[in-house]
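J.: Residue strings, one per chain:
Number of protein chains: 2
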Amino acid sequence: MNRLNPHISVDCVIFGFDEKQLKVLLIERERLQDENLDIPMEVLKLPGSLISDAEDLDASAHRVLLELTGLDKIFLHQFSVFGDPSRLANTKHLAWLKATSGLPIERVVTVAYYSLVKIKESNPSETLLSRAKWISVNELPQLVFDHNIIINKALKTLRKELRTEPIGFELLPKKFTLRQLQNLYEVIMGINLDNRNFRKRVGKLSYLAVLPEKQKGVSHKPAFLYKFDKKAFEKERKDVGFVI
Amino acid sequence: MNRLNPHISVDCVIFGFDEKQLKVLLIERERLQDENLDIPMEVLKLPGSLISDAEDLDASAHRVLLELTGLDKIFLHQFSVFGDPSRLANTKHLAWLKATSGLPIERVVTVAYYSLVKIKESNPSETLLSRAKWISVNELPQLVFDHNIIINKALKTLRKELRTEPIGFELLPKKFTLRQLQNLYEVIMGINLDNRNFRKRVGKLSYLAVLPEKQKGVSHKPAFLYKFDKKAFEKERKDVGFVI
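Protein chains in written order, with my numbering: chain A, 1 to 244; chain B, 1001 to 1244.
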């Protein structure tokens, strides 16, 4: 039995919605003083860190996020653990990790968290630290370690949750148009939806209530406003809850 | 930064459906030679073990399950990590763990997996080892460590998955009655469903196809048979996939 226990880390995949794109929050890794710039190494990584002694995993994730990006009070969902013994097989990455941590690391099992936030609200420019950046999920470069794999799995989880939990409505204004709802689905799912089919589908949803009012101050024909009816949603959920 | 890394373990919550009850597979823990029987300690636990050196987490979980219960080739879903520093706070449990592992353990972070199987098919009596037992989820005793908490979270995950993934159909015969489907939902969700409402709800599902044949060889009025239409399900899923 192994006595050289693996190190344990947490990594946070923070998705940001800005109405046009789905982005992910990355940070520039620390540069080493003696870094060999002739053999370039990936520059961006997820906010993450080894956990501290006697620190709960969730607390670690929140601490790391605050320290590295300045973001606080974000709901984090633990979604997967990455423990493949070869995930640090890239010798340059491993050497960097040993140098920056000062630890004789051979294996790290990382617990991954994700979140979805509105970029505008969660990120007034003064809170986000300078080394943190929002990058579109469609324009991700090669990242350090297996962080591209972690983001892919987080994205798959987010898209599944969007189908099964009312998380999307939290990103919309309280009263929204069907166009806004469709745009949210299109951006997060990364697909184009047929307008007519979309309207037909949402028309059947008991928890989407049309309001007796229309958009104001728009140059085009004003559209009806809708709201998410949480009570109707909970009621239906309590019922049977079939997969669709 | 902590240099005494926590140990890492895997634990498996195997749910079994036997048409009347939802059960979970537990094993009798090893007894210590000098165990103080005056202060009784919990006897049952989840199949689980510390991971070995250079072993992937999924591989660990499968190995442990085979070694402790005899069950093989079961699909395991990793669903959560339990890393609360106080999860081994019970000194009797910790002493037992140190004695049986021979390791100076202080903290264990465990990666938890769950699965759902038909008891009849996955468990011909000759495969299940004698120390493994199926216990109804409604009659669970107090288990070792935080294993009751782990099972509760697994059950919550299973019930959510039953709403959002077609996992239930794998437990039914290829052709089934609505009564069988309702029973499956009732047993796994742990609720009673109103027959009329249930039939109304499932009648709307595009992926549940009624067959032009009825039950045979039953003493009561034979019921229509249904099948799960995977293609219709995938099509609908590709569409938008709203939460219900």
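Treat the hints with caution; some may be incorrect.
Said to hold, decoys possible - DSS-like cross-link-like pairs, simulated, lysine-lysine; straight-line CA separation at most 30 Å: (1) A/K175 - B/K1238; (2) B/K1216 - B/K1231; (3) A/K204 - B/K1238; (4) A/K174 - B/K1231.
If you are wondering where the hints come from, they were derived from the structure by calculation, not from laboratory data.
J.: Decide, hint by hint, whether the structure agrees.
T.: Going down the list of hints, with the structure as the test:
no.	hint	verdict
1	A/K175 - B/K1238	holds, 27 Å
2	B/K1216 - B/K1231	holds, 27 Å
3	A/K204 - B/K1238	holds, 17 Å
4	A/K174 - B/K1231	violated, 36 Å
Hint 4 from the earlier list is the only one contradicted by this structure; the remaining hints agree with it.
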